[in-house]
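Novice: So the chains spell out like this:
There are 2 protein chains.
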Amino acid sequence: MNNITLKEIAAQLGISITTASKALKGYSDVSEKTKNAVIELAQKLNYTPNSFAVNLRTKESKTIGLIIPTLVNDFFSYVIKGILEEAKKRDYLVIILQSNEKLEFEKKQIDLLLNKRVDGILMSLSNETGDFDHIQSIISHDTPLVLFDKIAKLVNCSKVTINDKKAAYDAVCYLIKKGYKKIAHFRGSYIPQNSIDRFLGYKKALEDNNLTYDSSLVFVCENNEDFHDGYENAKKVMKEHPEIDAIFAVTDLVAIGIIKYFNEIEISIPERIAVLGFSNWFMSSVISPKLSTIDQPGFEIGKRSASILFDEINLKKNNLPVVFQSIELETSIIEREST
Amino acid sequence: MNNITLKEIAAQLGISITTASKALKGYSDVSEKTKNAVIELAQKLNYTPNSFAVNLRTKESKTIGLIIPTLVNDFFSYVIKGILEEAKKRDYLVIILQSNEKLEFEKKQIDLLLNKRVDGILMSLSNETGDFDHIQSIISHDTPLVLFDKIAKLVNCSKVTINDKKAAYDAVCYLIKKGYKKIAHFRGSYIPQNSIDRFLGYKKALEDNNLTYDSSLVFVCENNEDFHDGYENAKKVMKEHPEIDAIFAVTDLVAIGIIKYFNEIEISIPERIAVLGFSNWFMSSVISPKLSTIDQPGFEIGKRSASILFDEINLKKNNLPVVFQSIELETSIIEREST
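One line per chain: the protein sequences are G and S, in this order.
In case it helps, the UniProt record's numbering puts the first sequence at residues 1 to 339.
In case it helps, the UniProt record's numbering puts the second sequence at residues 1 to 339.
Incorrect hints may appear among the rest.
Any copy, or any two copies together, can satisfy a pair, since identical chains are not distinguished.
[Stated by the list, open to error] The calculated BS3-like cross-link candidates involving lysine-lysine, where the alpha carbons are at most 30 Å apart (straight line), are: (1) Lys317 to Lys62; (2) Lys236 to Lys290; (3) Lys22 to Lys107; (4) Lys44 to Lys88; (5) Lys204 to Lys59.
Just so you know, the hints here were simulated from the structure itself, not pulled from any lab data.
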């Protein structure tokens with residue numbers, strides 16, 4: 001073990017620990033000669049201040065925690081990138097945990113982060129997260145918390161999302177304006193707020209345009225990590241409702257699965273059936289036909305969430321009151337070949 | 001601030017701190033009644049052991065650091081997934097940092113992690129990393145280190161890679177066996193070992209098959225985050241060497257850029273020119289034509305790297321000698337439509 005203490009440095013130079021400490025901090029009441037001797041020896045011995053002791057003194061860890069459902073996902077990759085950029089500006093470190101869409105893991109990960117005494121937590125909830133006691137425990141520990149993307153409306157904290165309902169509403173109105181009349185929806189799981197909101201936006205767009213909502217045209221895609229749900233449900237919808245002329249998919253990954261199946265059975269997109277995705281993953285621009293989709297600003301969501309969290313950490317540190325924010329970032333429709 | 005101490009719990013119950021501590025740890029010399037009272041009060045007050053104090057005592061942070069060049073990358077997403085899975089098994093947390101392919105950031109991030117006293121570090125080097133003093137500083141701090149993917153042969157530590165030279169050699173031999181004779185190589189930057197090795201494998205395959213190596217058929221693609229280098233160099237090679245019949249690309253991303261350009265100018269793949277990628281990103285299976293590529297086992301690389309690191313952390317903790325390992329994982333060629 002190579003953990004040299006200040007005590008050892010002081011002993012080797014025959015000075016007091018206080019003087020050695022002052023020398024390293026550049027205090028003016030220590031002579032230049034002593035300062036140089038201490039710095040030189042500290043460098044020679046690879047001395048680093050014991051961060052555990054520093055933490056114990058300052059009660060700060062300069063670390064935040066991030067819990068996301070899955071890592072293998074373009075959207076979350078960009079979110080993390082945004083968060084790391086903000087953390088870097090402030091010399092903060094980020095512990096990243098993956099809930100794998102499991103409530104059980106999420107609970108345990110919160111405990112780990114609270115035990116670690118991180119200065120704040122960023123979270124996007126798992127698909128299973130329908131009660132929020134474990135999220136409340138973050139708040140009752142007085143640890144700043146910002147939820148993003150998959151949030152809980154009932155939890156009292158800052159939140160960063162897009163307006164999923166409006167984005168889905170606009171998307172379906174766009175399809176209707178293009179002349180599509182029989183539009184199926186491949187939705188996400190039943191619990192996550194963003195999946196509910198995208199479904200509600202779809203439904204409202206139909207109603208506002210005098211198209212009948214038909215629940216048999218709604219298919220559930222649970223899996224976030226591959227496109228098989230999209231592929232299998234595309235097979236199903238063609239059997240049960242071959243009359244549809246468009247599909248609005250809850251994610252690009254689901255849309256990719258649909259396109260894959262339609263390409264295989266040679267259904268022409270968008271002439272016979274249009275496909276619209278959600279999120280603007282990189283691959284949506286390289287698949288053939290190129291996928292029309294909704295641009296979900298992951299990088300921006302990460303940056304804003306982190307920046308709000310760091311503000312709240314600072315306010316708390318200075319015993320100032322925190323006012324929670326609910327930010328909704330703008331989205332836009334990206335028209336490509338599939339619609 | 002809601003950081004209840006054990007002292008406060010003991011005071012409220014009129015017992016000693018030692019007894020309170022023993023009660024929470026379930027020691028048998030504390031009565032059940034006292035145990036229950038301590039546990040109840042600790043829960044009521046949201047007591048968590050002060051991890052800074054625990055760390056100071058155990059000299060363990062139960063945290064490791066991970067530095068990768070970029071997050072927005074299928075391969076690294078799978079690597080992280082593998083690392084987090086191994087960490088979870090051991091209740092370890094992972095601090096993730098992104099060097100953005102910059103040596104400067106990498107140096108600073110190592111300092112941050114060492115100051116944080118992480119128990120070990122996992123790293124894949126940036127494209128700029130040609131000297132290794134900062135990596136050596138990890139070793140001289142006696143902090144276990146495992147390098148993966150983009151490694152430094154000169155650094156004395158455990159390493160997990162694929163055999164890039166052999167993988168590239170096999171890939172180019174495969175193209176030659178398929179009948180391609182004029183094969184260009186879109187290589188990566190000059191510094192990273194894996195980019196050098198893939199180039200050397202390409203060159204050796206040509207030589208071993210009596211094809212002349214021509215340096216004007218080698219193009220450098222520096223950018224890891226988008227496909228423009230592949231796209232632009234495809235344009236260039238068609239102007240300078242329209243006679244080529246195949247391209248071996250250093251990554252799938254580069255290959256995607258090539259396919260994008262060839263699709264635009266209607267060069268048929270693989271009839272006129274074959275394209276072979278490297279890494280097996282998800283999108284390589286959905287682009288049209290589907291990309292043939294080399295399967296690089298990111299998840300496995302992450303798991304093995306983490307598991308070796310945790311072994312070394314344990315050996316160090318028990319003052320046992322560590323023998324460094326160099327693991328080379330197997331790769332395979334995935335034949336799709338582009339070759």
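Novice: All hints, please: hold or fail.
Specialist: Taking the hints in turn, this is what the structure says about them:
| no. | hint | in the structure |
| --- | --- | --- |
| 1 | Lys317 to Lys62 | both (12 Å within a copy, 26 Å between copies) |
| 2 | Lys236 to Lys290 | both (23 Å within a copy, 25 Å between copies) |
| 3 | Lys22 to Lys107 | between (43 Å within a copy, 26 Å between copies) |
| 4 | Lys44 to Lys88 | within (28 Å within a copy, 36 Å between copies) |
| 5 | Lys204 to Lys59 | neither (50 Å within a copy, 58 Å between copies) |
Violated hint: 5 only; the structure is consistent with all others.
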